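**Q** In case you want the letters, here they are:
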Amino acid sequence: MQESDQSSKASRRAFLKSMMGTAVVSSAVVSLDAQARIHAPHELETLQDYEEHWGFCDMCYWRCGLKVRTRDGKAFKIDGNPEHPYNKGVVCGKGNAGIQVAFAPNRLKQPQERVGERGANQWRPIPWDEALDKVAHELNKVKEKYGAQALVMIGHGTWEKPYHRLAHAFGTPNTTSPVYGLCCGPRAVGSMFVTGRNCTGNETIDRENCKYFLMMGRNITESLHNGETLGWLDGVANGAKVVYVDPRYTITASKADEWLGIRPLTDHAFLLAIIHVMLKEELYDKPFVAEYVVGLEELRARVANYTPEWQEAITTIPAATVYRVTREMAAAAPAVHVYSPRRLTRTSNDFGISWSMSLINTLFGTWDRKGGMFTPQTFKIPEIELPEFPHAHVARDETHGDFNFNHTPFSVNTEGKILRADGAGVPGRWPIASPEYGLTNEMWKAMAEQDPYPLKALLTAGGNGFTNSTDYETVRKGLMNMDFYVACDVLPNEMNAYADILLPESSYLERYDDLQIGGAKEGFVALREPAMQPLHDTKGSWEICKELSKRMGLEAYFPHESIEALLDDRLQKAGHSLAELKEKGILKKPADDKVNFPREFGLKSVFPTPSGKVEVIPNKIKELGMESALDWDEQPRPNPGEFHFTFGRVGFHTHARTQDNIWLNYLMTENVLWVHPDPAQALGLVEGDTVDIRGRDGRGGTIKVKVTPRIRPDTVFTVHGFGHWDERMTTAVGKGLSDSLLASQNREKRIGSMSMGMNMVTLRKV
Amino acid sequence: MVAKYVMLADTTRCINCKACEVACRAEWDTPLGYSRDWVKEVEYVNAKGLPEVQLFPGRCQHCDDPPCVEVCPSGASWKREDGIVLVDHAICSGCELCVPACPYDARWLNPVTNTISKCTFCQPRIDKGLQPACVETCVGHALIFGDANDPNSAVSQLLKAKEWQKLVTDEVNIGPNHYYYTAGKAIPDAVMPKLNERHLSGTLMENIVNPLGTLGIGGMMAVFLGAGIKKLIDRRQDVSNKEGSHEQH
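Residue numbers (this note's numbering), protein chains in the order written: chain R, -12 to 753; chain B, 268 to 516.
Be aware that a few hints might be false.
[Said to hold, decoys possible] Label-pair distances were calculated between CB atoms; the ranges are:
1. 305(R) x 349(B): 54 to 62 Å
2. 664(R) x 452(B): 21 to 29 Å
3. 226(R) x 418(B): 51 to 59 Å
[What the hints assert, rightly or not] Here are the simulated SDA-like cross-link-like pairs (lysine to any residue), alpha carbons at most 20 Å apart as the crow flies:
4. 461(B) x 372(B)
5. 315(B) x 244(R)
6. 228(R) x 461(B)
7. 75(R) x 397(B)
FYI, nobody ran anything at the bench for these hints, they're computed from the structure.
If you're wondering where the values come from, they're calculated on a predicted model, not measured in any experiment.
We put the beta carbon where it would ideally sit given N, CA and C, even for glycine.
Isolated chain R (complex conformation) (with noise of 0.2 Å):
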């Protein structure tokens, strides 16, 4: 009885409410507090008679495993499964913080029609069967003026799956997601041609066993995941030695044996000198060569004049040190893993950085080998029997992770098919792109310039365009131009304000969302229930997807009447149901060392190349005339005066999503600018100044000051995500500033993907 604020909690409250008086102020009290999240602090409450209810995370793309209490109908706190591969029962500051996703004052809490201008915030509440009555009308009202493939969805979330299913039905391969040409797109792209498979820095590596990091940029620790950053901790205390190679001190830096701050944009130089290392002094796996390898000579000539002390030039980091780094992995290898950024959209050439990772990571011979790359376990979860999708180039399947590249991007037959607009998989324009997940950038720029043919319907199932991009302007231009928006989204933001409609959805903890499917060491499927009732008049993505084929008549690609029904019928052709996994949770197939790692059992790699073998210098590239990737690609340096602009991730917010949630607002509420002492001293500026950041084309705004050795002299730092200007955004509007106004909007040479980090910017004292 220690810490009974609950009891003297609501004492006080009586005492409070008794005060006050009049029925009317007290009945306010209380109705405000059916709205509210459970007050349940302490032993009278939150241990007490709980439920619990399976979930997994939508607070960022890792999902871990969840269970979430529940009482009297409400959800008052996530916890994490101990079962789930993908976070062994931890849940990060985001994860926790997702019951303020569910209680926020400012929900979407009804369908809205827009009355004022587009992005003027001025809404009247509809019903739902009149504003899905609308969406179904005017969508096909586009189809009918101007074809199927004048709609474009761009889904960004944990339930976007059934919107791909819904605009695939309704005829348009213009689906994108922006996790692709955004974010990591390119991260997987050089791995995809090596050897055909993932080797990213995502699920599949043995952290645990691993004796040697080189992190290029990967910020484990702040641009965080559950298990992975578990994993990787668990590692380095294994004794692993990391070699963390960014222009910024990070925490992961400060968890590193040695910090490389590398100049912004060169890790491609860094990368091919390592190689020319390894080639020059055979320290690659020489059975694992003649066994695997295909087209080593080409290689060697290719990074002949790539030597360490022409790097250093570029670099800034010493030639010594590339030799001393790379005759140290090989002594490790192949317990050894050169980590991709999760982000790789930063240069002009992404791909060669790609291709260098997986290059390194090959010849060290560390595919299925412990302390290496492991081959993943599915669980195999059979998707439903659909109709033929006409137009739509590849269908998603669910294996592991964010992305699966079974459907090698390049193969894409497009006879018969209408051609995607982005060009995405498109021959001629992008073609080494991925179809499935698009470019959303060049999408957004098909939609602003209606080329290659008209785009007037758009459909958006969360994410914001105004943040992930670097291009306002283009966006606003795109929204400006359609016959026809139509948003689903929980939270109010900048891009769903443009809406004709606006669709309020369930959170995550409200709701049924389609199976998990995942891969790591274990396979499983996992479950997302709701944890309560919906709090405000909101539907599900697959609810409202199910609503709107009925309307649209593409009833067949929605055969269920239910999402429970649904998922019943996946898991029952697979010998499971609903039951068993609502009681379990998770299912899982247990890890098995001669699955992950068959060589260490003299089994043999596979590697689904065109010609089964790894392909150091692939021949579909060799066909497309993209080889000269390989080579360097000078990027632009700062002039005197100017900086090189950077900016990341804390551990607490995710994208420009989570700045209005009030837990995680609370733990930071405006970035700040990053600069180091001397140009700090050179310019005046101490820490806490305000200075005025303007880019090359003259983008910019106002921003604090940070002064830190924890940057290079030469660049700058901020954190993504601030400078929220959408009013009903009532706790991040106006703090801080975003990003997006100083990232560069260039594109990457070979896949079409943003190139954000090529800006370089000036400082002025305000």
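Chain B: place on chain R using the hints.
**A** For chain B alone, kept in the frame of chain R given last:
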């Protein structure tokens, strides 16, 4: 044997992700603007001229000799046999004398309850055999909690296996039960405890008012007792006088 609960923080595994802080907030419904626990990020330039960052997750240190208990005029702050320092909210008047008394800044006045709040090591949870909320959710497994008197507990094993430090100085050494592993690095001054100026009023309470009060209560007891005894003696005398006079009759 009675348990002795301790918290270990392996700072080499802390990543300042704030999972502990948010989990604590969610578990105990802490009002915004306050937190029962924290992570301090200290950055400095080392002898080689390179930047360094150290992270110190912290909370009430559940000291062996807690000044918060000493200064508490109502007796609401108290220490359980297993070492956990607690606040009895039914008694706490919210006078805030204990707030500056704590050299770790672990206590604050909760504006909702008007009583003092702080970390309890999740006493209700541990009494049910659960881990504290911060420990259960710690992404890096940096926080470890348990009974130091149980030789088989994880904390006992770890205390033996590694070199741990406590946040103590020559000036402030009150037996904290929160241990830190820094892989041999010195703990920066910024996270060390400091005697609070405002602690003076608490010291006054601790050294003068409370002893005087004790004296006062003792004095009152003595007065009442004395008065009672005197009354008893008087009564007896009275009776014997009357009896005597009766005899004389």
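**Q** Now tell me, hint by hint, if it's right for this structure.
**A** Here is what the structure says about each hint:
Distance hint check: the CB atoms of residue 305(R) and residue 349(B) are about 55 Å apart, consistent with the given range 54 to 62 Å. Checking the proposed 21 to 29 Å range against residue 664(R) and residue 452(B) shows it holds: the Cβ atoms sit about 22 Å from each other. Distance hint check: the CB atoms of residue 226(R) and residue 418(B) are about 27 Å apart, inconsistent with the given range 51 to 59 Å. About 9 Å separates the Cα atoms of residue 461(B) and residue 372(B), which keeps this hinted pair within 20 Å; it holds.
Simply put, residue 315(B) and residue 244(R) have alpha-carbon atoms about 14 Å apart, close enough for the 20 Å limit, and the pair holds. For the proposed pair residue 228(R) and residue 461(B), the alpha carbon gap of about 37 Å is over 20 Å, so the pair is violated. Restraint check for residue 75(R) and residue 397(B): satisfied, since their Cα atoms lie roughly 17 Å apart, inside the 20 Å limit.
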